[in-house]
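Novice: Residue-level listing of the chains:
Number of protein chains: 4
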Amino acid sequence: MIIMKTDATPEQIAEVVKEIKKYGLRADVSTGAYRTVIGLIGDETKIPFDHFATLPGVKEAMRIETPYKLISREYNKFSETEDERFVVKVGNIEIGGDKPVYIAGPCAIESKEQLFKIAEGVKKAGTHILRGGIFKPRTSVHSFQGLGAAGQEEAREALAWLREAGEKFEMPVVTEVRGETQVDLVADYVDILQIGARNMYDQDLLVKAANTGKPIMYKRHFGASIEEFLSFAEYIAAEGNKNIILCERGILPVGKGKSYTRYILDVGAVPAIQKETYLPIMVDPSHAAGRRDLIFSMSCAAIAAGACGLMVEVHYNPAEALVDGQQMITPDELKDTIDACNRVHISIRPRSNIR
Amino acid sequence: MIIMKTDATPEQIAEVVKEIKKYGLRADVSTGAYRTVIGLIGDETKIPFDHFATLPGVKEAMRIETPYKLISREYNKFSETEDERFVVKVGNIEIGGDKPVYIAGPCAIESKEQLFKIAEGVKKAGTHILRGGIFKPRTSVHSFQGLGAAGQEEAREALAWLREAGEKFEMPVVTEVRGETQVDLVADYVDILQIGARNMYDQDLLVKAANTGKPIMYKRHFGASIEEFLSFAEYIAAEGNKNIILCERGILPVGKGKSYTRYILDVGAVPAIQKETYLPIMVDPSHAAGRRDLIFSMSCAAIAAGACGLMVEVHYNPAEALVDGQQMITPDELKDTIDACNRVHISIRPRSNIR
Amino acid sequence: MIIMKTDATPEQIAEVVKEIKKYGLRADVSTGAYRTVIGLIGDETKIPFDHFATLPGVKEAMRIETPYKLISREYNKFSETEDERFVVKVGNIEIGGDKPVYIAGPCAIESKEQLFKIAEGVKKAGTHILRGGIFKPRTSVHSFQGLGAAGQEEAREALAWLREAGEKFEMPVVTEVRGETQVDLVADYVDILQIGARNMYDQDLLVKAANTGKPIMYKRHFGASIEEFLSFAEYIAAEGNKNIILCERGILPVGKGKSYTRYILDVGAVPAIQKETYLPIMVDPSHAAGRRDLIFSMSCAAIAAGACGLMVEVHYNPAEALVDGQQMITPDELKDTIDACNRVHISIRPRSNIR
Amino acid sequence: MIIMKTDATPEQIAEVVKEIKKYGLRADVSTGAYRTVIGLIGDETKIPFDHFATLPGVKEAMRIETPYKLISREYNKFSETEDERFVVKVGNIEIGGDKPVYIAGPCAIESKEQLFKIAEGVKKAGTHILRGGIFKPRTSVHSFQGLGAAGQEEAREALAWLREAGEKFEMPVVTEVRGETQVDLVADYVDILQIGARNMYDQDLLVKAANTGKPIMYKRHFGASIEEFLSFAEYIAAEGNKNIILCERGILPVGKGKSYTRYILDVGAVPAIQKETYLPIMVDPSHAAGRRDLIFSMSCAAIAAGACGLMVEVHYNPAEALVDGQQMITPDELKDTIDACNRVHISIRPRSNIR
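Residue numbers (the numbering used here), protein chains in the order written: chain A, 1 to 355; chain B, 1 to 355; chain C, 1 to 355; chain D, 1 to 355.
Same shape as in the complex, but just chain A (with noise of 0.2 Å):
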């Protein structure tokens, strides 16, 4: 990391890069009130800091030795204030910032019919952004692969619904983004590109979607630790796409015998997050519960956690959906769900001051 003076110009800025780039590392340029300072991307053994630290307009060089420093507070906390968060836009949503954002919809779409039905639903329900998946990540190559399985066509016309229930409900869209190939068509027409959790690892995938610009929802892997989890966002940082937006969506769960839920909702991973990072932490918790009717305690705990949002999976039929049906609600039910979890949100505040 090279911390530049605050009085160093674009010039020695420029110079400062160029000179990374001699020693075969990228830079990251993160210009905030006061300083710029100068990330490295990539193995800074190679790298002489005593040399970089003699620069015109270097105030500091030093190594971090973190997996993930792009994205730490303690990278960040040079450029921007300790405390502020990362808000990530999508249109006039604020992720991340002072309330709570809803994302809601179908866990995959079955027509556009299906999809028309259940976004006006959940518009009403208070939802914020607009999900349906069209390339599904399935268990069995036997199941239903999503509308995308069925070729580029069909695909394209998935997502051009999304795109239109989107126009017409109000809501910015999301879908998932399972194999490098589907980035830029689905990149066409959503606002975010979603990764899933047993991608989560895919780093071709996580550089190919973040070189698209938008904004990426990204999911932890069931069986991995949060170190893991922000080690691997950093490839989308890497990248220069800062616009992230973590979800945890459940972990493995352990010990003989039935745990009554499908992953283990890791409750405690949303302030432990906020302690390592500024990006926004949401919480997903139809695949961590994985049966409807815990979806309402466990959305209050993650917002009274201080998750800073919610991506839920609803149909009007819970029961004649073609994926995941047990662990879907209705949009009546996400309504009482928002509702209380609003209430949650207001009611942890002024949040502790515990160190």
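Mixed in with the good hints there might be a few duds.
One copy or two, either will do: identical chains are not told apart, so a pair holds if it fits within one copy or between any two.
Mimicking DMTMM-like on lysine to aspartate or glutamate, the simulated pairs with C-alpha atoms at most 20 Å apart in a straight line are [unchecked claim]: (1) K22 to E154; (2) K117 to E164; (3) K77 to D188; (4) K258 to E74; (5) K5 to E276; (6) K258 to E65.
Read the hints as simulated data drawn from the structure, not as lab findings.
Start from chain A and add chains B, C and D according to the hints.
Specialist: Chains B, C and D in isolation, oriented as in the chain A frame:
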């Protein structure tokens, strides 16, 4: 399970119990507002249910195929109304009642002075029940094992302090029993016996503690599924002691690298357990987090998920605590936490009716 | 699954396949010594099995309720003899045949010289197939990502070295593909495509790699059950490519504190997988152990459990390796390991017939 | 740790021990061929090592920062030669010696006849030590808990059968103690006390069992890291009983879906533990596999990894066993397993010298 007719006489009930014993099993008689249900403790495969169905006063006789039944909603719905919760009363405190109950105190009692100072602090913060460890389960034999380790006399002295502090500050008291030989001693002094996570599977200790008749604060092992947790709680109920307070305190993390919390608070276990049993379920955020700066958020999350209360470790000066100082908060911080939790508790009403 | 009569004609088989496609599914035609079996790829709930049972040449038509069937023993027992294993042939090497097969080489190819020096060493030690990483999956974007990260041209150069080393030392070669866009490039140069643990769930990559027709070395994710592992292997088989070499490389450890190995080698997975599928299963002791001093013991254990071979990382000077040096052994140490493993392989004959 | 001079007198040693007690700690005196080393049991932070270094006969006084030290190689290398293993002798059986030792018998003793029939069978198969459960740890209070559950008298009767069977077929005997109150009773009858996985953390039971002076067969909990396992083994050693036989019996599986084995046999734990401690480490394939058809392979793997022996559950008719029948093998199958394991044991010599 034997369901008696609504007009079954005490003699008929006694006759059924007698008959059960003939087959080498024990009976749990549960008398509700409308009818009596008799649970079987032991191997039901030995029981000729057809024969029992013909006994006078018997309405129905059937086998239940779960590892826990005496504490299950399924069993208790016959004698109680389905949605009725089970409240454990300790003095005038109702655990599992209308308001959250807070248990707080030092991890380990270090001296009379330390205990009284903390007791006073937590009482002012809104605590209902005082905790303090005397027999500490520790990973290393070379670590401080609690004052009880010094001998019987030292243990009695520390227990007397706890009793005295409870009386002075008007709080019932709870401490952990780690081994069978400590049970009778501890039961002489405290209102609630705690069985810690590491002893969750210790069925002989469970039986011994249950037979004191005292309420049992029973913590989930960090490697146990909910099904296992409830199956072992059944050992307590099988002794006729249903004053069981369940406590979630975090399970093992997954993944390589840092999880940033000591354990994973399984917040979904709270509503999941409430669907299985009528027993009250609390949360211990201190052990789950393992760090003080997350206690506030994780406490709010636990109450938002529907927990009936919290157990929190407190020290007026966490830095000088002999055990687990990094996870303790001060009495002032506890007050902020309790105040916020009480607000959260109100904010989640009305609860959802999602089924 | 459609089981054809022993005297079914090619025309009848073609007719059944055509009929299957009408319902939107794909067909896997498996021709054995005695009869042909047709597997269905896709959602079988759409198929009217009664109707299929009446088609000419069909003996039986039935639904199979497992997430993997094309690779299952259950499916293949109809077309092959039950105990017959499936051998993947690469040049004149038989993986899954009568003798253990050893794959070895550097974790990452660092230079032509390094590669050739190691290739020569491992060949002398008894290695059959040469490995070398060009696209490295890494937790940190700031770590060395393999020579392939530098660009298309550098990747081609490294691939050409690998090809050349394989030819010089008479070993087929294998390298990892980490993203879809690398598949065609890599397939031009190597005999086996490796899909690493972190990409296990990446179904688009599986499909892409399967369609090269090359054998796939497919590694289990560290957070995946065996059922999940085999379910995702089915994505490869569903493309008509059954040249799949499964590889166990260690799963996540449990418990607080040190496990002393990087991952847990699930040695029981070897015989367990053999009961489920006819595919060969290898073991990678290097990633499982994460330390060189346990490679010998864990290799012997893998072969004793019945693994069809090993994949081992080797460097002539582990201390100077750019990636994972602590887990690499030298060619001499590899020779000791291979020699012992070959002795173990003989010592476990005859295998038990315990069912 | 206090390292005495080679010519230190017994009086000087006694003086050091006395001085240690002044600080509230206990002393472990380990007398080797060349010198005596005194280990400190308790909180070493209370000890002024500078002061101890000046006492007559003391060569060096230093603090060891591990949770286990009395059983560590680091501690014992001063009194013994580094590579020397520690052999636990039971009658004329050497556990941890030159040959694998086999412990076998029924999971639960059901009757005298059942026990004697199995004892005869396992003896013929090559078993050295007879096992048989009397106090069974069970997940459900409604399952068969072993003959010991019926009462003190029934427990004595079953213990006497075990003793008698051992004498008749010339095998030392071992059974599990599940609670403190069973220890003295059991110690009257058996040669080795077993502490099961679920009691691994039960430090009061460890202390009580250690003080019988009998060898302890100590099993790893399924949710414990190796570091925790060894830390708790130290509770036994701290009582002056170092006749500890460690036993790996499988840890919790990961991932969604079926793992196809009941637990994961952590075969890497065998050599990893051998690097940490001089204590012998065995493997229990029966509980790890949870199914009989994998016992042969997993046993061979355990011996190949360097385990000093096996503990296997055997029944002449697994289908009629009251507990865990699905994981038991017959005496004939045990013979095949033992024969193969003995061949494997020879095949892995010479062991590698990889460091």
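Novice: For each hint, tell me whether it holds in the structure or not.
Specialist: Here is what the structure says about each hint:
| no. | hint | result |
| --- | --- | --- |
| 1 | K22 to E154 | between (46 Å within a copy, 18 Å between copies) |
| 2 | K117 to E164 | within (13 Å within a copy, 60 Å between copies) |
| 3 | K77 to D188 | neither (35 Å within a copy, 47 Å between copies) |
| 4 | K258 to E74 | between (40 Å within a copy, 17 Å between copies) |
| 5 | K5 to E276 | neither (25 Å within a copy, 51 Å between copies) |
| 6 | K258 to E65 | between (40 Å within a copy, 14 Å between copies) |
In the structure shown, a violation is registered for the earlier hints numbered 3, 5, in ascending order.
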